[in-house]
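Novice: Work out the full structure, taking the sequences as your base and the hints as a guide.
Each chain, written out:
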Amino acid sequence: MANEVVFADAYERDLTKLAEYEATGGYAALAKARTMGPQAVIDEVSASELRGRGGAFFPTGRKWAFIPKPDQNPNPHYLVVNADESEPGSFKDNEIMARVPHRFIEGCLITAHAVEAKWVFVYIRGEYTRPYEVLVAALEELKGREDILDGVTIVLHRGAGAYICGEETALLESLEGKRGQPRTKPPFPAVEGLYRSPTVVNNVETMATIPPIIDIGGAEYAKLGVPDSRGTRVVSISGHVKRPGNYEIENGTSVRSLIYDLGGGITEDRELKAVIPGGSSTVILRYDEIDVGYDFNSLLALKTAMGSAGVVVLDDRCCMVQLGIRISEFYEHESCGKCTPCREGTRWMTQILRRLEAGDAEQHELDLLLDVCDRINGKCLCPLGETAAIAVASYVDKFRGEFQQHVDEGGCPFGESSPLHNVLAPVAMHTHSPVAVVPA
Amino acid sequence: MSELYTEVQRLKDSYPDWHSAMLPALRLAHEKHGYLSPDALRECADALGTTPAVCEAVASFYDMLHLKPIGRHMVEVCTNVSCALVGAQQVLERFEQELDISAGETTPDGEVTLRPIECLGGCGWATIVSVDHHYRTHVKPEDVSRIVQELRNGE
Ligand SMILES: Cc1cc2nc3c(=O)[nH]c(=O)nc-3n(C[C@H](O)[C@H](O)[C@H](O)COP(=O)(O)O)c2cc1C
Ligand code: FES
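So the protein sequences, as listed, match chains A and B.
Mapping of the first sequence onto my numbering: position 101 corresponds to residue 955, and the numbering continues sequentially without gaps.
Mapping of the second sequence onto my numbering: position 37 corresponds to residue 605, and the numbering continues sequentially without gaps.
Fair warning: there could be bad hints in the mix.
[To be verified] Keeping only pairs whose Cα atoms sit at most 20 angstroms apart, straight-line, the calculated EDC-like set for lysine to aspartate or glutamate is:
id	chain 1	residue 1	chain 2	residue 2
1	A	Lys1032	B	Glu718
2	B	Lys580	A	Glu1030
3	A	Lys1032	B	Glu624
4	A	Lys1077	A	Glu1046
5	A	Lys1096	A	Glu1125
6	B	Lys580	B	Asp631
7	B	Lys636	B	Glu679
8	A	Lys972	B	Asp581
9	A	Lys886	A	Glu1074
10	A	Lys1077	A	Asp1228
11	A	Lys972	A	Asp925
12	A	Lys1192	B	Asp614
13	A	Lys1157	A	Asp1142
14	A	Lys1192	A	Glu1030
15	A	Lys1252	A	Asp1170
16	A	Lys997	B	Asp581
17	A	Lys997	A	Glu876
18	B	Lys708	A	Glu1270
19	B	Lys636	B	Glu599
20	A	Lys1192	A	Asp1221
21	A	Lys1032	B	Glu679
22	A	Lys997	A	Glu987
23	A	Lys972	A	Glu1046
24	A	Lys886	A	Asp868
25	A	Lys1096	A	Asp1170
26	A	Lys1192	B	Glu679
27	A	Lys972	B	Glu624
28	A	Lys871	A	Glu995
29	A	Lys1157	A	Glu1216
30	A	Lys1096	A	Glu1074
31	A	Lys1157	A	Asp1145
32	B	Lys708	A	Glu1122
33	A	Lys1032	B	Asp614
34	A	Lys1032	B	Asp585
35	A	Lys886	A	Asp1069
36	A	Lys1252	A	Asp1145
No wet-lab data here; the hints were simulated from the structure.
Specialist: Have a look at this one:
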């Protein structure tokens, strides 16, 4: 962790204080950016090869360049920051906002300058009271500092509990005061975003990475990491490790090192069974697949991704069917209901998985489960249902023997000894009449 | 004019388009009324210049906005994977015992509502319990009675 960029100086000093942040050279990158002109800032960020830290890993400079110039589209431009962090396994944006609020705000202001926006909306998940309070205090300290704000208005907009509002178009709907249901794309937000105006949507960590890039220069930043995955990444490590927490790593660090060096190894020195590499939406890695770099290309070779960088470590007591149930229940609960394959499919997935766990499932239901997953894939407006299907299908794929055992033995070989046994999910609290029950 | 009305006007003015004040207004009404009662929705709608139906349609989408009465205190135990892996279910069950209710219920005196909740974005500090929207980290079953005591003492 010698190369901290996002969290630079944050462990030694209290960077929530404006004076402390400025003492470490804070807001100098903003001043520098303003001498550069918008296009030069975009070029610098493009040179850094920074890719978005929200999950989709889209090149940040390219996204900004999509914003039409004022003569092409007279509407005002908006910057919307995605601080809705709700992906199971991810808690990095939480700590970034709470620890380096000014670096985050500086990144927002540099970005606003680059895309010529006068308004910045930070859509922060409703449950995040502390990061919200830290940001309120930080903005309070900036009152009257026109040298920093330069006429830009920053609005903190609090969500009210909905994972789907992290999807950028659902977020925009929600920010416009509606139910958070995704829009059809295209048009992309860069063309028609907030109030049908050109809008850049970026993640919190993406924003906090901008000041250091402007400070050291894009080329210097690109020396960190590996091809296609430059720079650093704040990784959230949780589950069965001795030292869970957020760690800023250089991209390309091995997954083994994340678990055994940073995470300190498996709790109670048990055996590793599996690891979810990038939040609940990603394809799971088996214990024998961890000698792989934590970067885009290396993980892609294993058909998985860094996603939102939530690394969830599971020990050998965990039942993969139980994991499937809990993940499926999450997506069932969070499906916005707009697309039928996602709304019904996630519910069907849960039902079949529950039958498997209870020992009521017949052989063909294993294939039915995969068939349901397949019928969600690629058939919805947004990736929510799709990622649920891909994740659960990967549990079946990589632990087929264990799923088969549930059928053959008429029940769960792990039962209560698995920590995921009989966990009560919020979806069970909702009494919905059975619209459609999956045919057995 | 009610206090809420005045505050909602201020909210509307803080956005380029007043529609964006919907969620903050609902959150405010929720806070003032304890939940989004028919009266709260009516007041919110009047302040925004829309109808209660529109407010209710939006509110019903969001997990933090309640359309039925809830307790004065809200205890939410994260039971998503990372928390479950280190014993969130046992924490939830201990709350059920201490409060003598099932998850999803409110104590008969109307003081505390208990419910499981999806990932709160604190997985590395599991188990996360959100008490009146403030996170308690590393909660173990043995911490539960103290938390309940604090709530009962009105801390
Ligand atoms: C279901 C779903 C949930 C998402 N949740 C988040 C989130 O909480 N935070 C986030 O930054 N991006 C989230 N995304 C990705 C956003 O749609 C978008 O790609 C991202 O905010 C862009 O920022 P970036 O380019 O800086 O990564 C989510 C996507 C989907 C499909
Ligand atoms: S799983 Fe409990 S906070 Fe993320």
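Novice: Is it true that the CA of lysine 972 (chain A) sits at most 20 angstroms from the CA of glutamate 1046 (chain A)?
Specialist: Holds - the C-alpha atoms of glutamate 1046 (chain A) and lysine 972 (chain A) are around 17 angstroms apart, at most 20 angstroms.
Novice: Is lysine 972 (chain A) close enough to aspartate 925 (chain A), meaning Cα to Cα at most 20 angstroms?
Specialist: Roughly 16 angstroms between the alpha carbons, so the hint for lysine 972 (chain A) and aspartate 925 (chain A) holds.
Novice: Run the distance test for lysine 1192 (chain A) versus aspartate 614 (chain B): straight-line Cα separation, threshold 20 angstroms.
Specialist: Given pair lysine 1192 (chain A), aspartate 614 (chain B) is violated - Cα atoms ~29 angstroms apart, limit 20 angstroms.
Novice: Straight-line Cα separation of lysine 1192 (chain A) and aspartate 1221 (chain A) no greater than 20 angstroms?
Specialist: Violated - the C-alpha atoms of aspartate 1221 (chain A) and lysine 1192 (chain A) are around 26 angstroms apart, more than 20 angstroms.
Novice: With a cut-off of 20 angstroms on the C-alpha distance, tell me whether lysine 1032 (chain A) and glutamate 718 (chain B) pass.
Specialist: violated (37 angstroms)
Novice: Under the criterion that the straight-line Cα-Cα distance not exceed 20 angstroms, is the pair lysine 1077 (chain A), glutamate 1046 (chain A) satisfied?
Specialist: violated (35 angstroms)
Novice: Is it true that the CA of lysine 708 (chain B) sits at most 20 angstroms from the CA of glutamate 1122 (chain A)?
Specialist: holds (17 angstroms)
Novice: Regarding the pair lysine 1192 (chain A) and glutamate 1030 (chain A), is the alpha-carbon distance no greater than 20 angstroms?
Specialist: Given pair lysine 1192 (chain A), glutamate 1030 (chain A) holds - Cα atoms ~18 angstroms apart, limit 20 angstroms.
Novice: For the pair we were handed, lysine 997 (chain A) and aspartate 581 (chain B), check the Cα-Cα distance against 20 angstroms.
Specialist: Holds - the C-alpha atoms of aspartate 581 (chain B) and lysine 997 (chain A) are around 18 angstroms apart, at most 20 angstroms.
Novice: When you check the alpha-carbon spacing of lysine 886 (chain A) and aspartate 1069 (chain A), does it fall within 20 angstroms?
Specialist: Judged against 20 angstroms, a Cα distance of about 8 angstroms means the pair holds.
Novice: Taking only the CA atoms, is the gap from lysine 972 (chain A) to aspartate 581 (chain B) under or equal to 20 angstroms?
Specialist: Cα-Cα ~16 angstroms, so holds.
Novice: Could you grab the alpha-carbon distance between lysine 708 (chain B) and glutamate 1270 (chain A) and see if it respects the 20 angstroms cut-off?
Specialist: Measuring from Cα to Cα gives roughly 19 angstroms; hence the hint holds.
Against the hints set out earlier in the document, violations occur for numbers 1, 4, 6, 10, 12, 20, 21, 24, 26, 27, 29, 30.
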